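Heads up: the sequence lines are chains A and B, in that order.
If you count by the numbering used here, then the first sequence holds residues 175 to 891, one letter each, in order.
If you count by the numbering used here, then the second sequence holds residues 175 to 891, one letter each, in order.
Calculated from the structure, these hints are not laboratory results.
Quick caveat, the model's predicted, so the values are computed rather than measured.
Take these hints with a grain of salt, some might be off.
Copies of the same chain are indistinguishable here, so a pair counts whether it falls within one copy or spans any two.
Computed cross-link-like contacts, PhoX-like style, restricted to lysine-lysine with a CA-CA straight-line distance of at most 25 Å [to be verified]:
id: 1; residue 1: K882; residue 2: K323
id: 2; residue 1: K818; residue 2: K509
id: 3; residue 1: K240; residue 2: K266
id: 4; residue 1: K593; residue 2: K406
2 protein chains.
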Amino acid sequence: MQKGFSALDRRAGLISLLEPGSVAIVGASDDPARIGGRPLRYMREAGFDGAIYPVNPNREMVQGLKTFASVRDIPEPVDCVIIAVPAKIVVKTLEDCAAMGVKSAVIFSSGFAEAGSDGEAMQAQLSDIAESSGIRILGPNCLGILSFKARFFATFSASGDGGFTAPGPLAIISQSGAYGTHLYAVARSWGLGVSHVITTGNECDIDVAECIGWAAEADEVKIIAAYAEGVKDGPALIRSLKLARANNKPVIFMKAGCSEEGAAAAVSHTASLAGADEIYDAVFSQYGVHRAGTTEEMLDIAYACTAGIYPAGNRIGLVTISGGVGVLMADYANKLGLHVAPMPKAAQEKLKAALPFASPRNPVDATAQIFNDLTLFGKNFSIMLDEGKYDVAVAFFTIAAASPYIVDPLLKELDILRKRFPDRLIFLSLMGPGEIVARYRNAGYLTFEDPCRAIAAASALVGFGASFASIGSSTTHDTGETRPRKQLPARPLSEWESRELLASAGIPVIEGKLAKNAEQAAQAAAALGCPVVLKINGADISHKTELGGVELNIATPDGARRLYDELRARVRKHAPDVQPDGVIVAPMIGGGVETILGVQLDPVFGPAVMFGLGGVFVEVFRDVVFRLAPFSRDEAMKMIFGIKGAKLLRGVRGHPPSDVDALADALVALSRFADGHGDILASIDINPFVVFPEGRGALALDCLVVPKGAVALEQKN
Amino acid sequence: MQKGFSALDRRAGLISLLEPGSVAIVGASDDPARIGGRPLRYMREAGFDGAIYPVNPNREMVQGLKTFASVRDIPEPVDCVIIAVPAKIVVKTLEDCAAMGVKSAVIFSSGFAEAGSDGEAMQAQLSDIAESSGIRILGPNCLGILSFKARFFATFSASGDGGFTAPGPLAIISQSGAYGTHLYAVARSWGLGVSHVITTGNECDIDVAECIGWAAEADEVKIIAAYAEGVKDGPALIRSLKLARANNKPVIFMKAGCSEEGAAAAVSHTASLAGADEIYDAVFSQYGVHRAGTTEEMLDIAYACTAGIYPAGNRIGLVTISGGVGVLMADYANKLGLHVAPMPKAAQEKLKAALPFASPRNPVDATAQIFNDLTLFGKNFSIMLDEGKYDVAVAFFTIAAASPYIVDPLLKELDILRKRFPDRLIFLSLMGPGEIVARYRNAGYLTFEDPCRAIAAASALVGFGASFASIGSSTTHDTGETRPRKQLPARPLSEWESRELLASAGIPVIEGKLAKNAEQAAQAAAALGCPVVLKINGADISHKTELGGVELNIATPDGARRLYDELRARVRKHAPDVQPDGVIVAPMIGGGVETILGVQLDPVFGPAVMFGLGGVFVEVFRDVVFRLAPFSRDEAMKMIFGIKGAKLLRGVRGHPPSDVDALADALVALSRFADGHGDILASIDINPFVVFPEGRGALALDCLVVPKGAVALEQKN
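Okay, chain A solo, but in the shape it has when bound:
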């Protein structure tokens, strides 16, 4: 973050990089295929209309342009400098730029943070220059920028060989240069228009998060595709994602490094301090980002977004000329969470009347009969959209739609439908010569060869639709009371202290008493009612069961009295150094579903709340979800029903439905506490948190709060 410069200054600097009025190229080459030659060639071929100043101390002219020995020699102000020189002279070059008031620089050169400690030191110098002078930097170790409207192509990627395409709605923002330009190459081969490709490389200044934020506000960008192995500034990413959502711009994000092998490769690739992968899932879920796993998925969705229709619901209507493909599409839509809702009975009768051979339920198998009279197709599809009220529809035609006898009458019907249902998201699954497919696209339809890819894209757009519709409700605080902030000591808390703290935060905790001697233990047991549980308490006791410090099912106050001293003796034997602070006496609780609530401090995104089923579920299935704190009750409900085992909470044989309201309240309370204390907290574990049947609440049976100070202390020792 450049401290002396406002967000407005920074944004102006970024824009000078994306739409410069004048450009210098340091290390300009006369060879149009070389790193220092390509950008110059590309800009001139594409018709960039600003001033271009080649800089090369060894030449008078480069590619026919007057050439300067140094940036300092350029007589006019320069908006952006492209730096294509060896790493060791980059710092000096950037200093020259800063001195001349250059607004921004694109640094291609590698040999910085990715190349060891010397490179890291040089990169730090670049950051310092950016911070002190206000010059904005893209890179180093990046493939530059493709800015289509400005016809500014500051890249040495081969992706401009053969010319660039016309501007389109998709901004590609990628830490990886090769991947960003690969995305562009694939988009180009599909005819999918791109507005910008921005590759951020080592991110000594400008990062992916900032570029997403800029794209969220740029008029010419309608769709954002991003690639990152991790971001360093979590809150900045969240601000940008919020902005994109507020402006109804879908963000499709490939966050690589989700497997152990991938993460190992990512570390060797960029050495970025990435947050935990599952926290990215939480962020993406909270801010409506689609996380893509493959290039094809990414660009399929981007292409579908060009329709600009983000459905309000998930009802999908399927029309097919092949019963088999109807089955296949229904299977796949179902798998992706779309609702293959049957047509209303009355409408089925209408369809049947028009096409007696058809299967009218949904999928609607219109059979090849429709090709005998395509007005029947138009009529039936119209009934489907009208009476089936589908948010999305996919019609499968395969090669038949390319037949010369079919194209014109089918397009005529489709034109009528498009006018009648302008807001419906409709995909055609067909194949044929490019020029014929183009006619269907030009008629206002999305086309896919493979119907399953259409359905997958549809599912993503339904997700965007839900996210855009939820603004204001899903992730922000609801209007609960604000509780006073607590101080935390610089040591682990005991279970008793943890209980008190969480109870004061509004989390229901099982009743109990802290006994300081055997007699108090007996009195507590009598007061609480037997059977009770006794648990040793102490700030330095983290594995009390293993130490023999827990005894369940104590039947009488006398038993509690006897066990008070025994527990202490056992613990002393196993761990002579610990200093117990009494024994907790609590009632035995039966029934309910065991869950786990927790808080983790992510290094990038801050406090995140975890929720999952307890016991072996978390150990064996890792069936847990995360959300950044704080969050609303709606979001808590999404968490609860987002785990795979949610069925257990809804109620299965032998288990009545659980009190998810009480559970959601506890999650919200925990998220508020985590938010209010994120700076002084290391972790919270509430395990088990037992959820009783509907109307009967929920209780934390055990818990542990670890302040940040305690972890620091431990690392010191």
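Dock chain B against the given chain A, drawing on the hints supplied.
Relative to the frame of chain A, chain B by itself:
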């Protein structure tokens, strides 16, 4: 099944359909775009060299050929008749064919079983004719056959417009005509050669299973892609799949109808009696079939199979010019179960020496530096394959490989590598003009634009490799003892009878005694050692817990004595009609992991054994696997480690590793029993089957065997 004809006769009939020497077309049309006109046109355009006899009572000539009024008028023998007339005259036509000694018929006509009871009756007549005369029938309601080597195109699909392609290694076998020809259209557009497209429609005689078996033995078929919504003859499918596996031919199967919506659509589409979807998963798993979910997945794998290399292991080496794509590929390979094994340290040093900028671990990020000297790429890739011992490799080049400066030197290196490592499965991920991509393909490499699609295909081929290697070990009986077959009564068994039966089958059952009075209960408790459990026993008691018929944790023989009468009284009160037959006394068992073992009788495939974790795991996660009985110990181990919760059996915190040997033995024993009694069995439930820690065995605590006679009885009542 045609009873009077041998398998050899039937096969000859099928071959007469695929490679006829002479063909008649009933309903031949002079219009080359009509149903009865297309096959004639296609065959003549393609140069079919047998005799062709149009049949049409209204014309002298059709498409320039002498035409006959009836099949009976054709003077020469006819191998195959194509029937393209309305349903109502199909039976008569087929009778004529049979009378004339025609060997086979393709029936395009619809209006049979898919169209209600009249159609069903007509279809039954077709089956009867096939059975009595030996004529083989494809269809009705099918799109016919494309047989490329024979240039026999008996189809009215539009897929032949524009000509057919040269024969290739892929046989497409599909119940759905539109889907089968769609697959062909996509394969053609990819340049993937096809040997046959066979669409079986309503399958009144020839079905998908038989065609797979034929393809498994046909020399010109190397790869089999099948589509079905269900098969009627499970054992026939299994025979065919075994044959394909024995001949090292991969089968890629799209079994549609896996979701509720899909299954509903399948029923309305073909009304085939499909077995349970999860039993298909079992069959595919046991016979090494890849179950595909999308067309693209299906043909990607089929294309990759054209290399004919089925790896012995799952080590994948990844080379990339983009670190980002390396991360992405590693993530994806990991997700699909491939092993992104790191390069040996010494080999990493060698790579580093040659390419200092490279990241040598795996993925190997060779960076764009390699384009400066492609011999370095060749050298490094060679070190990878040699010392990394990867079974599969994917190299990502994107558009760079299409650069005119790169193609020749890169191909030179790749040629050397191909010769040195002829048996390695190597994919290139690249994009560019078709003719350049073709050069890489012609050099003996598989090419994919998207690296993730290459990895997905690689993963499927690794699966085929494992399956081909496992022949003889994985699904057949191992040499265990054969136990005598038991008779089962035509009523449900009591728990005690079920215990005895399963124990005699070799399944370990908890010890216990059947007490017939209170005194015996007390004696049993004393003999077994308290605490014990008491359970009411009786053939007509299926929900004993709900009836109050179970009591746990009985501490003394006296308690058992008292409870004997109480249990009987409780059950009498809740269910006055039942006739308990004593009370089972068994020891209380603690510890171990609860699992469920079961047997289901699939209507298509026969007895299948189920295995899963018990309790809420099965209710909430449906985390169960099936295998057809009988199976070997190897297969039982695959089942055990095939569930998602297998980690629990391997041992997690608080749970030691379980005795999976004992569990596998029990599964094998159960599978043998199910196999031996499949004809008289309805179901078996062993729940819980508790697996103790390693070396300590496993025990059935409760079980229920339901003979087939009992279910028949229940349905009668």
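(message) As a check of your reading, is K240 near K266 (CA-CA no more than 25 Å) within one copy, between copies, both or neither?
(response) within (22 Å within a copy, 90 Å between copies)
(message) Reference check for the pair K882 and K323, CA-CA at most 25 Å: within, between, both, or neither?
(response) neither (49 Å within a copy, 74 Å between copies)
(request) Classify it for me, K593 with K406: is the Cα-Cα distance of at most 25 Å met within a copy, between copies, both or neither? (result) neither (47 Å within a copy, 46 Å between copies)
(message) I want to check one pair: K818 and K509. Are their C-alpha atoms no more than 25 Å apart within a copy, between two copies, both, or neither?
(response) For K818 and K509, the Cα distance is within 25 Å both inside one copy (14 Å) and across copies (18 Å).
The structure does not agree with the numbered hints 1 and 4 stated previously, though it agrees with the rest.
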